[in-house]
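Chemist: Those protein sequence lines, which keep their order, are chains A and B.
Going letter by letter, the first sequence gives residues 1 to 407 in UniProt numbering.
Going letter by letter, the second sequence gives residues 1 to 407 in UniProt numbering.
Quick caveat, the hints were computed from the structure, so don't treat them as lab data.
Any given hint could be a false lead.
Unchecked claim - Cβ pair distances, simulated, as ranges: (1) B:117 x A:187: 54 to 60 Å; (2) B:256 x A:219: 46 to 52 Å; (3) B:232 x A:187: 53 to 59 Å; (4) A:282 x B:328: 56 to 62 Å; (5) B:398 x A:193: 54 to 60 Å; (6) B:121 x A:399: 56 to 62 Å; (7) B:181 x A:212: 37 to 43 Å; (8) A:219 x B:329: 53 to 59 Å; (9) A:226 x B:225: 19 to 25 Å.
For clarity, every value in this text was computed on a predicted model and none was experimentally measured.
Glycine included, every Cβ here is placed at the ideal spot set by N, Cα and C.
2 protein chains.
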Amino acid sequence: MSDPMRILLVGAGGVGSAFAAIAARRDFFEAIVVADYDEAKAVKAVAIDERYAAARIDASSAESVAALCREHRITHVMNAVDPVFNMSIFGGAAEAGADYLDMAMSLSKPHPEAPYEQTGVKLGDEQFAVEQDWKDAGRLALVGIGVEPGLSDVFARYAADHLFSEIDELGTRDGANLVVTDDDGNEIFAPSFSMWTTIEECLNPPVVWEKERGWFTTPPFSEPEVFDFPEGIGPVECVNVEHEEVLLMPRWVDCKRATFKYGLGDEFINILKVLHTLGLDSTEKVRVKGVEVSPRDVVAAVLPDPATVGPRMKGKTCAGLWVTGTGTDGQPRSTYLYHVVDNEWTMREYGHQCVVWQTAINPVVALELLARGTWTGAGVLGPEAFDAVPFLDLLTEYGSPWGIKEL
Amino acid sequence: MSDPMRILLVGAGGVGSAFAAIAARRDFFEAIVVADYDEAKAVKAVAIDERYAAARIDASSAESVAALCREHRITHVMNAVDPVFNMSIFGGAAEAGADYLDMAMSLSKPHPEAPYEQTGVKLGDEQFAVEQDWKDAGRLALVGIGVEPGLSDVFARYAADHLFSEIDELGTRDGANLVVTDDDGNEIFAPSFSMWTTIEECLNPPVVWEKERGWFTTPPFSEPEVFDFPEGIGPVECVNVEHEEVLLMPRWVDCKRATFKYGLGDEFINILKVLHTLGLDSTEKVRVKGVEVSPRDVVAAVLPDPATVGPRMKGKTCAGLWVTGTGTDGQPRSTYLYHVVDNEWTMREYGHQCVVWQTAINPVVALELLARGTWTGAGVLGPEAFDAVPFLDLLTEYGSPWGIKEL
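The following block holds chain A by itself, in its conformation from the complex (with noise of 0.2 Å):
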C-alpha cells in the first residue's frame, strides 16, 4: 500500500490529545508529528509513544503547514483546532502533496437579507468549491470525519446500503446525561465542550435539507422534539442546529429529508436564550470601566474550562442517526442507529474525557482504513462516500461498539 504513513496532527488540545493517546495503541502508522501553536501542549501529547515528535505550527499560515508537511515527509495532515484555521491547513495540506481530514468543515455565513430562511455561504462550501483540484490531485480530502459529523455520516451509508430499501429523513440526534460536579459534589453548570463554539453552533441559523426545496434554513432552537436516548440516558430536548452532516449526507445518500438535532436540554437551551436576549452572546467589544472586552469571552471565562471537568463528570453521551422509510422488506422502518461512551470508561482507559475522546476515535479508524488501503478514494469526500461496514467493525474492534435500535 504506497508509502507507510507519516501524519500530521494540528493541535494537541482535547480532541487533538485525545487523538494521540488512541493512535498509540495501533501499529498503521509510522510517525506522528503533534503541531501545536503553543509548543508546550505538542510536547506533552507527544510523551507517550516513540513514535511522535512534537512541533509548533501556525495554523493560521498555509506555508507554515506545507513546510511542516516537507520537513517531516507527510502523507496525511489530521486537523483537530478550531473550524476557523480549516482552509490554512486544508490548503497547506494540498501545497504540499498530503492527504487532508478533518472534524469540521470550512465555516459558514448566513444569508444577509433572509438569514432563518435561505442559506448564505454553507458549511463546507469553500472546500467543495476546489473539489475539482483535489481529484487532478489524485489527493483526498476526507472532510467531517470526527463522531458528528463522521460516525454520523457512516451510520447513514450503511442504512441505506444494508437496512432501507427507501429513505424518507437522515435525522442526527446527539444527547447526553452528562453531569458535573463542584468539590462539595454539587451538581454545577459546566458544558464539556468550548462554550463559545457552541454559542456560535447553536445561535447560528439551523440548516434542514429537502428533496424538494434543496438546503434551507429556520431560526435558532426550531423545531423541538424530545429524543428517547438510549443506554440509560433517556428523553432529552433536542432542537435544529447547525451541522455537517446536513451538507453532506444529500450529496451521496438518496433521501427526502436531513436534519441534524441536538439534544441541548431545556436548561442548556434557556441559557443560550437569556445570553441572547441580554447580548451577552455578541463579540463585539464592549467598553466596561475603562476596559474593552467581547461579552461572549466574559461568558466563556466565568465557566469551568471544559478540558478540566473530566474527573468531576459522570454519565454517557450519545451520538447517532435516525433513519426512518421503508426496510429491505418493503415495510415502514425507524432505525436508530447509536454509539454511546461512558465518561467513567474513558477517563479509566484513556485519561480523556468522553465528549472529546469520542471524537478522536473515529479520524484513528479512518486513517488506518486508509493506510490498509481498505478505504481509497480522490477529491473531497464525505464519510458516507466510503464503505461503512469496515469502519464500524474496527470501531468494534478498537473496543467501542455501535448499537441499533428499532423505534
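Using the hints, position chain B against chain A.
Modeler: Chain B only, in chain A's frame:
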C-alpha cells in the same frame, strides 16, 4: 415652622433629577443645592429653577457633605444616590446639624453561616444603631421615604389607623407592565432600573418578619405568587425580595407578618437565575484576554442605560400594599392600597420615566409636610411613624392620586 427650608439634594441621577423637576412646581422651600460627583449632571438638573444651585460633592465623605451643608445653611439633606453611600451622607448631615431623608436604608450583610435562614446585618441596622444620638440632638432622620419603601409604609399606617382593627399581614406588592421597544418597534429587554442594583437586590437573601419568629431570611425568589395588579396591569409573578418595608413596618405598625414581593415576572426571574447559575452576577473581577473585569459590570454594560429608555417605554408601574386581617367592622378584610403611574403621563408632564418619577414624588411631599410643620419628629423614623392622611391628601393634590381595592 422654624427657619425656611434649604435642601441639599445629593445625587443628580434619574431619581434626583425627577425630584428637582417635581419640587420646582412647589413653593415650600427657599433653596435647593443639587450636588453630584459629576458636577455637569448637577448643572443640568438646576437649569429649571432659579432657587436651585449646583455643586460638586464626594458622597463617600461625611466631611464633604457636612462642609456643603454649612456653606449653604442647609436644613434638610435629601439623599438620592446609591445606598452604598448612605452612612457618609447620614453622618455628614448629623455632623452639620441638618435633618436627613433617604429612599433606601443602610445595606445588609448576609449571615455568615446560614444566609438563607437567618439575618446577618439587616437593612437599616447601622442607622438605627445611632438613633439615640439623633433623638438627643432633636434632629430627624426620615428613612425610606421613596415609593417603596415610602408610600408603601404610609399605606401601612393608614390601614392600621383607618381600615383594620387587627392586621394579619402587611404585604408590599410591586408590579408593572412596562415594555421597551427598539427603533424598529420590536420589544427589547431593557430594565427600567439599574441592572447592577436589581441583581444585588434580587439575589440577596429575602427577609420576612413574623411576630413569633422576628426577622428571618429565605432563599432568593421564594414563595412565588401571581398577583393581579390594578388599572390594566394584570397578573404578574411576584417573589420575595429583600426590602426595607419588612424592616420598617413592624417597628411602628402592629401586625403578625410583613413581606415584600417584587413582580419581576417570569422572564426577569429566569434571566436573574441564569446569570446566577453562570456566575455572571459576580462582582469579583475575572481575567479575560489580558484585561480584568467584573462580570456584573459587563452585564450592566451590554444593556441599554435605564436613564435613556423613558421615551421608548410604554405601560404603567404600580406600588402598593396588600393588607389582610380584620376590618374595623369586625369582618375579615383583604385590601390593596396602591399608586399607579403611567409612563406616557410622566414623560409628557415631567420628561422623566415613571419608575424614577414615582420614587421621587414621595420625598417632595414629605418635605412639604415637614416644612409646614404637619409632620414633626426627632430620631431615626420610618414613614409609618407619621400620620398618613395629610401625606395621601397632598399626594393627590400634586395630581397623582392613590387607589384602594378590596381583594
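Chemist: Compare the structure with each hint and give your call.
Modeler: So, going through the hints one by one against the coordinates:
no.	hint	result
1	B:117 x A:187: 54 to 60 Å	violated (22 Å)
2	B:256 x A:219: 46 to 52 Å	holds (51 Å)
3	B:232 x A:187: 53 to 59 Å	violated (42 Å)
4	A:282 x B:328: 56 to 62 Å	holds (58 Å)
5	B:398 x A:193: 54 to 60 Å	holds (58 Å)
6	B:121 x A:399: 56 to 62 Å	holds (59 Å)
7	B:181 x A:212: 37 to 43 Å	holds (38 Å)
8	A:219 x B:329: 53 to 59 Å	holds (58 Å)
9	A:226 x B:225: 19 to 25 Å	violated (30 Å)
Comparing the model with each numbered hint stated earlier shows that hints 1, 3 and 9 do not hold.
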